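Protein chains: 4
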Amino acid sequence: MCRWLAYSGTPIRLEELLYKPRFSLIDQSMHSRLGVETTNGDGFGVGWYPVDGPAEPALMRGVGPAWSDANLREVARSTVSPLFLAHIRASTGTAVQQTNCHPFRYQNWLWQHNGAIRDFARLKRDLVLAVDPDLYPAMTGSTDSEVMFYLALTFGLRDRPIAAIERMAGLVESVGRAYGVPDPLQMTVATTDGDRVWCVRYSTEGHSRSLFYSTATSALHKLYPENKQLARLSDETRLVVSEPLGELEGAWQPVPESSYGVIQKGDDELGRFEPAVP
Amino acid sequence: MCRWLAYSGTPIRLEELLYKPRFSLIDQSMHSRLGVETTNGDGFGVGWYPVDGPAEPALMRGVGPAWSDANLREVARSTVSPLFLAHIRASTGTAVQQTNCHPFRYQNWLWQHNGAIRDFARLKRDLVLAVDPDLYPAMTGSTDSEVMFYLALTFGLRDRPIAAIERMAGLVESVGRAYGVPDPLQMTVATTDGDRVWCVRYSTEGHSRSLFYSTATSALHKLYPENKQLARLSDETRLVVSEPLGELEGAWQPVPESSYGVIQKGDDELGRFEPAVP
Amino acid sequence: MCRWLAYSGTPIRLEELLYKPRFSLIDQSMHSRLGVETTNGDGFGVGWYPVDGPAEPALMRGVGPAWSDANLREVARSTVSPLFLAHIRASTGTAVQQTNCHPFRYQNWLWQHNGAIRDFARLKRDLVLAVDPDLYPAMTGSTDSEVMFYLALTFGLRDRPIAAIERMAGLVESVGRAYGVPDPLQMTVATTDGDRVWCVRYSTEGHSRSLFYSTATSALHKLYPENKQLARLSDETRLVVSEPLGELEGAWQPVPESSYGVIQKGDDELGRFEPAVP
Amino acid sequence: MCRWLAYSGTPIRLEELLYKPRFSLIDQSMHSRLGVETTNGDGFGVGWYPVDGPAEPALMRGVGPAWSDANLREVARSTVSPLFLAHIRASTGTAVQQTNCHPFRYQNWLWQHNGAIRDFARLKRDLVLAVDPDLYPAMTGSTDSEVMFYLALTFGLRDRPIAAIERMAGLVESVGRAYGVPDPLQMTVATTDGDRVWCVRYSTEGHSRSLFYSTATSALHKLYPENKQLARLSDETRLVVSEPLGELEGAWQPVPESSYGVIQKGDDELGRFEPAVP
Chain A
1 MCRWLAYSGT PIRLEELLYK PRFSLIDQSM HSRLGVETTN GDGFGVGWYP
51 VDGPAEPALM RGVGPAWSDA NLREVARSTV SPLFLAHIRA STGTAVQQTN
101 CHPFRYQNWL WQHNGAIRDF ARLKRDLVLA VDPDLYPAMT GSTDSEVMFY
151 LALTFGLRDR PIAAIERMAG LVESVGRAYG VPDPLQMTVA TTDGDRVWCV
201 RYSTEGHSRS LFYSTATSAL HKLYPENKQL ARLSDETRLV VSEPLGELEG
251 AWQPVPESSY GVIQKGDDEL GRFEPAVP
Chain B
1 MCRWLAYSGT PIRLEELLYK PRFSLIDQSM HSRLGVETTN GDGFGVGWYP
51 VDGPAEPALM RGVGPAWSDA NLREVARSTV SPLFLAHIRA STGTAVQQTN
101 CHPFRYQNWL WQHNGAIRDF ARLKRDLVLA VDPDLYPAMT GSTDSEVMFY
151 LALTFGLRDR PIAAIERMAG LVESVGRAYG VPDPLQMTVA TTDGDRVWCV
201 RYSTEGHSRS LFYSTATSAL HKLYPENKQL ARLSDETRLV VSEPLGELEG
251 AWQPVPESSY GVIQKGDDEL GRFEPAVP
Chain C
1 MCRWLAYSGT PIRLEELLYK PRFSLIDQSM HSRLGVETTN GDGFGVGWYP
51 VDGPAEPALM RGVGPAWSDA NLREVARSTV SPLFLAHIRA STGTAVQQTN
101 CHPFRYQNWL WQHNGAIRDF ARLKRDLVLA VDPDLYPAMT GSTDSEVMFY
151 LALTFGLRDR PIAAIERMAG LVESVGRAYG VPDPLQMTVA TTDGDRVWCV
201 RYSTEGHSRS LFYSTATSAL HKLYPENKQL ARLSDETRLV VSEPLGELEG
251 AWQPVPESSY GVIQKGDDEL GRFEPAVP
Chain D
1 MCRWLAYSGT PIRLEELLYK PRFSLIDQSM HSRLGVETTN GDGFGVGWYP
51 VDGPAEPALM RGVGPAWSDA NLREVARSTV SPLFLAHIRA STGTAVQQTN
101 CHPFRYQNWL WQHNGAIRDF ARLKRDLVLA VDPDLYPAMT GSTDSEVMFY
151 LALTFGLRDR PIAAIERMAG LVESVGRAYG VPDPLQMTVA TTDGDRVWCV
201 RYSTEGHSRS LFYSTATSAL HKLYPENKQL ARLSDETRLV VSEPLGELEG
251 AWQPVPESSY GVIQKGDDEL GRFEPAVP
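Chains as they are written, first to last, in the UniProt record's numbering: chain A, 1 to 278; chain B, 1 to 278; chain C, 1 to 278; chain D, 1 to 278.
Mixed in with the good hints there might be a few duds.
Said to hold, decoys possible - Computed beta-carbon distance windows for the label pairs:
| hint | chain 1 | residue 1 | chain 2 | residue 2 | range |
| --- | --- | --- | --- | --- | --- |
| 1 | B | R196 | D | G180 | 38 to 44 Å |
| 2 | C | P225 | D | V262 | 57 to 63 Å |
| 3 | D | G180 | B | T10 | 50 to 56 Å |
| 4 | C | D132 | A | Q107 | 30 to 36 Å |
| 5 | B | G266 | D | E205 | 58 to 64 Å |
| 6 | B | G93 | D | V51 | 31 to 37 Å |
| 7 | D | S210 | A | G156 | 53 to 59 Å |
Calculated from the structure, these hints are not laboratory results.
Note that the coordinates shown come from a computational prediction; the quantities given were computed from them, not determined experimentally.
Beta carbons: idealized from backbone N, C-alpha and C, even for Gly.
I would like the entire structure built from these sequences, with the hints used as guidance.
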């Protein structure tokens, strides 16, 4: 079970969210030291967009535990970004290697995932065959998560993101059924083009992994009243996380089961996620 | 808090103890997945002596988590040894790098440690100065554990091992006192010359980390009745571990507080460990 | 351009060939320090069969340069084998990760390759589709070399090795032609089932990378007259290398262009390699 | 033999100097592919100061070859800095580990070195003893280069940099003489406090490794006439390198034997470097 975080809003240093909060993402990577839950020591990644306008995001990924990675700490301390994704990995079987670390990048898009396609080894070939042959060479790892990304790209992620993710989910469930795999899909996903962020919480069984969003910047202000950097966050700043950071009650709203959210200028969106056979 | 294991007896494949038992050492490295205690994901090591006679031991050490290291699994599967030490590390502050992974080796000797010298950064210089200048260049890492090894070598480990470790402990406590550090030493240690194995459980505060030994091979037979490889173990086969492997009650004896044990041909020894200012 | 070595014969320590000879494989990995040719610093691997009978080989692979890998040195020093393959890698574009390091293993088989499929990114999908769907899940890396291995397995490597490799080569050339890729295949390959070793030197353009074999053990004796371990090698001991080790003239025979060789008990074989469309 | 680069001037993206020029530092790391000289595949590092004012620099260091490090490429592409040091390492014997990679950092200072203290293993203890005990705990690696940095800090680097480096060199030579080591010191060094950069070229034998500086920004403009980013460099922009980048004759001036240079606002300095026993 992986963990991830997506941030959009007033530019901040990555370390403000990756290291400083109690129960920060890096804390969560060795959560077990607190006697709670699982270890996410099978790699990590962070993808960020530069402050000055749209561009291909930068990507830093490593195969060791995030908690002891000196370079991640340095980059987090020295990098300011208005939009970034961060992920810590607990492998569900595929190799611990950089090409399997999230976020995945394609041109200006990033994608990260917590969950799994059940029996992926058996289903993989059929799924990979459905990827657009022009996109196929860009896949360089071996995870279910990367295949999900390229299926979504194949089905139109760049034009109608949620519809494309729904078709990807529909295909996975369809192929899973053909192979007799029960409840084939489990996912929380974040994807972004550098402007908007789309998040999905869904599983075939209707019992998806957790996902939370910060309802309003005021919540963050309450979380870190003495943090001057956070105090200057815009009203539109949003954070979506697989597990709450910090301890203030009321700061986090669960994303409902089988739902998607869109973080964007103006009003955010929340809607029902419905897989569709492509 | 690290974990370690020392084996001496009938030659066996390393994997029989590193991977196969329930609660094997590798299981313990991500123990937290079972919801229990700490993660040891800051490196690992195994040092083994060849089957055919005395020689410098071989050493394999890595900086990633043991649980996902493919090479460790291969070496454990293909290597048979009558005497080996294995260690999984949770750093207490020093860098995660190969030269800081246990076991440490000097000529035909191996050394591994669980515990810490409190306030080591402050005490380190004085302790390092006490290392024999001829041994000094052989230290290549930055841990308290390695300094303890070279202090013990300085104080006669190769001639009178327990006395040398007692002098090392005495020096650490003496230097600690000089700097006003309370309870400076906490350790369980295993060291071997390829023939005998010496183990020590000690802490200044008299509340040392756990250490267990398998009282007799019959205990192991009971542990793994269907394991044919273990069924052929000699009576003199012994296992010393920081945490019990497997689940059978009665298989493990705690090493008493402030004690040492010697595993050797003929009767083993157990005695009181008493630090002595060198 | 990678380099590799295949050894079959009297059991020896791996280090005798990996480290000790002048121009040993490890020397070659940083050959450039001698001011000659290329660097092979993009990973390495060694696969070896145990002394006591047929079995799945052990595999050690790393992503750093072989010349500075402490664990490789330890394993080479402590491992004796009658049959092993060793490889140092210079990536031709795919990621530097363990799953891309040679040798590749499938059950009791090993495979290593020097060369490339030209324009592999474009051809990859068609080639991967031709892999037996039952074998497909076993591919975990992203290299042309691994796809070549699984194509050969698909085409009967385990029954008629050379014919299977010829069909693999035929497919690569056929797909290459369909995409308008000139001279699509360049390879020297070694593969073994733990009993025999098959080596191939071939390229579409008829100008293949170098490959040499030691004609008779007497040649090795001349190479290392003072090496007592080599002095006891059986007459059937053979070494195949991408570049000669040592310096004695006459010790090495080039494998002819478009040829295969079989190292086996009794007389070895040498024959013409002819790709066949499967 | 390592290679390094120091840049001070108009803020630029790191990749402009690390990757883009012909014979860029990264090219040099596998120079041998061009059939020239040595390989620097034993780690790398880059330390940079942020655009917005004085602060502790950020540091990214890795143990693999720079040429295949995906994270270095990403950071170089996304980071703009007015002052940075970059280094590629060929180990002269000490371990390939992150704590041994240059640049070294202490507070706002960076330090990088090409060269060696001859017979360092023998001299190390005496040199380390001369480091200020308050600075001693900050040394975390095992190289001669780091000890040189902490000796210079001990001797006043932060107040009178060149005088401190001269005392460091004097001590190394004095200890070397005491141990009968001929020509103990060989170095080109760059150090900076984030404002000025001090460079030294010196060796006991008077035959020091190469060091070059770009005399005027106009030289860089000639080097890369089509590089718009370089075209906007200030007149005070300076580059110091162990080997020339690019190919234009006349663009680079050798730092004279036994000399130091200071890059600073206003006129730069060049003077004679004279070791002094501390």
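Taking the hints in turn, this is what the structure says about them:
1. B:R196 x D:G180: 38 to 44 Å: holds (40 Å)
2. C:P225 x D:V262: 57 to 63 Å: holds (59 Å)
3. D:G180 x B:T10: 50 to 56 Å: holds (51 Å)
4. C:D132 x A:Q107: 30 to 36 Å: holds (34 Å)
5. B:G266 x D:E205: 58 to 64 Å: Holds, since G266 (chain B) and E205 (chain D) (Cβ atoms, about 60 Å apart) stay within the stated range.
6. B:G93 x D:V51: 31 to 37 Å: Taking Cβ atoms as reference, G93 (chain B) and V51 (chain D) lie about 32 Å apart, which means the hint holds.
7. D:S210 x A:G156: 53 to 59 Å: Since the Cβ atoms of S210 (chain D) and G156 (chain A) sit about 56 Å apart, the hinted range of 53 to 59 Å holds.
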